[in-house]
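One line per chain: the protein sequences are A and B, in this order.
Letter by letter, the first sequence follows residues 1 to 247 in my numbering.
Letter by letter, the second sequence follows residues 248 to 519 in my numbering.
These aren't lab readings, by the way, just hints derived from the structure by calculation.
Beta carbons are placed, not taken as given, at the ideal position from N, Cα and C, and that holds for glycine.
Hints are supplied without guarantee of correctness; some may be wrong.
Distance ranges between label pairs, derived from CB positions [what the hints assert, rightly or not]:
hint: 1; chain 1: A; residue 1: 97; chain 2: B; residue 2: 344; range: 52 to 62 Å
hint: 2; chain 1: B; residue 1: 495; chain 2: A; residue 2: 195; range: 54 to 64 Å
hint: 3; chain 1: A; residue 1: 63; chain 2: B; residue 2: 267; range: 14 to 24 Å
So the chains spell out like this:
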Amino acid sequence: MVSDGMPLDAPSWENYQILLGSSLYRTIILRSFVVGISVGLLVVALAYPVAYFLVRTTSRWKGLLIAVTLSPLLASVIVRTYGWYVILNHDGALNGLLVAVGLADQPLRLLPSTPAIIVGLAHALLPYGVLSIMSSLNGMNPSMERAALSLGATRLRTFVRVTLPLTLPGVLGGFILAFSLAISAYATPAILGGPSTETMATMIRNLMIALLDWGLGSAMGVILLFSTLLLLLAGALVGGRRGAAAA
Amino acid sequence: MRQRDASWTALQVVVGLIFAFILGPILITAAVSFNGTVRSVFPPEGFSLQWWAETLSWRWLEPLLFSLKLATLAGLISTVAGTLLAFALVRRRFIGKAAVEMLVLGPLILPTLVTGIGLLQFLHAIGLGTWVGFWGLVIGHVIICLPFSIRTVAISLKTMPAAFELASASLGASPWTTLRRVTLPVISGGVFAGIAFSFVHSFTDVNLSLFLASPGERPVTVAILAFLEFGFAPTLAAISMISLFIPLLLMIVLQRFVPIGDFLYSDGRSGG
């Protein structure tokens with residue numbers, strides 16, 4: 001690592017021209033977005049049933065179940081990703097199972113791959129989605145649902161027309177949180193991915209630490225930052241419009 | 248209460264499957280750490296405690312102790328600063344309040360990775376490049392932990408009935424006595440939760456530490472990542488489990504004194 005700092009050159013757009021002009025870097029930026037959006041959708045889809053169950057259950061194990069759901073937050077992303085490596089690698093658990101059952105003749109090449117990164121990140125970030133949706137469900141007046149049911153709506157219709165719209169801010173919040181954490185995550189793409197599945201985060205790390213190209217690394221960092229800000233802004237606009245429509 | 252019908256049962260099944268998805272990989276990691284072979288395979292081949300024994304070597308104890316020291320310091324500093332900021336943000340109106348709010352709560356949603364590369368270059372630019380390592384990490388971790396401690400203390404402050412302080416004052420207590428004998432004891436839950444959340448956030452951080460660690464001064468997460476370049480020995484599973492137990496233990500202890508849930512998934516509106 002350098003010890004005496006990098007000289008600050010005159011400001012220029014050169015680094016951005018390099019990043020956005022090269023198809024390699026464009027692919028990496030695009031891949032990060034695909035990962036971020038897929039992880040966000042997966043997290044929200046998996047978190048909603050869990051959050052709904054945890055808020056509405058009357059089980060005496062409720063506290064324990066909530067603790068178990070959130071406990072992955074206490075582990076570093078590395079811990080949460082390690083298990084996926086054991087499951088997905090060439091002679092891993094999944095391949096062993098597939099071959100034993102006869103669904104595959106020989107072990108499949110599951111790593112490194114973008115889908116593996118998406119599944120790993122969705123697993124690691126699921127608790128954030130659950131938290132966000134739980135807090136929305138907790139803030140909702142439960143008599144709304146009872147009113148819809150007593151007026152003759154089916155359970156499904158009650159959910160689609162009443163519960164879901166009322167908790168949409170939590171869903172949106174969970175999506176944004178999962179997206180922004182996913183596109184900036186380093187450990188999971190580093191463990192489950194490889195040179196063929198670089199993301200913005202792994203690229204920044206390589207540029208900054210391995211290649212010592214701080215200018216290019218920082219430019220990529222700024223692109224990462226702006227992607228997150230843009231989404232936040234979009235989220236705020238959607239949220240604001242919804243608020244205005246309700247008023 | 249209600250909902251003992253088919254749709255509730257279906258939901259229970261779905262949630263059960265998702266729970267298996269949540270816990271599966273972590274249980275598999277736990278199982279792998281007792282593997283009899285040098286390969287990280289599941290189901291484990293044989294049984295051995297050698298990987299756990301290996302985590303007790305200085306090679307792993309050093310980064311583990313480093314992480315403990317770092318997380319403790321970051322938790323304490325960010326909570327002291329966070330408590331002061333929470334008071335200012337909840338109790339006072341001042342010019343630029345929205346800007347301060349954005350500045351201190353921003354790191355919650357902004358990529359920590361960008362904070363890391365920013366801080367790395369800032370330290371070099373102001374001639375403190377030698378701080379990269381422990382002190383650089385402390386600064387960075389305080390920045391990323393602040394939103395957590397501010398949030399927990401602010402929730403405590405908002406949910407405390409204003410009448411408490413008024414009663415104390417009307418009974419003749421000075422503002423200082425009111426703060427010390429009334430306000431601080433009431434919000435102590437939020438303060439302790441703030442320390443604990445910050446500790447956990449610092450202890451599990453990868454994205455910031457990646458850039459501010461130096462070869463001799465690195466937290467356990469960075470040490471694990473560096474080791475991964477050589478492959479997946481079951482030692483990593485064992486050290487991963489240890490780095491999970493420490494925050495888990497802290498939360499179990501905290502749960503005995505503070506209702507953690509209030510700070511995690513309350514909608515922030517209750518009582519205030």
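Going down the list of hints, with the structure as the test:
1. Between residue 97 of chain A and residue 344 of chain B the C-beta distance comes to about 57 Å, which sits within the given range of 52 to 62 Å.
2. Our hint of 54 to 64 Å for residue 495 of chain B and residue 195 of chain A is violated, since their Cβ atoms are close to 35 Å apart.
3. The supplied range of 14 to 24 Å is met by residue 63 of chain A and residue 267 of chain B, whose beta-carbon atoms lie about 20 Å from each other.
Hint 2 from the list above is the single one not met by this structure.
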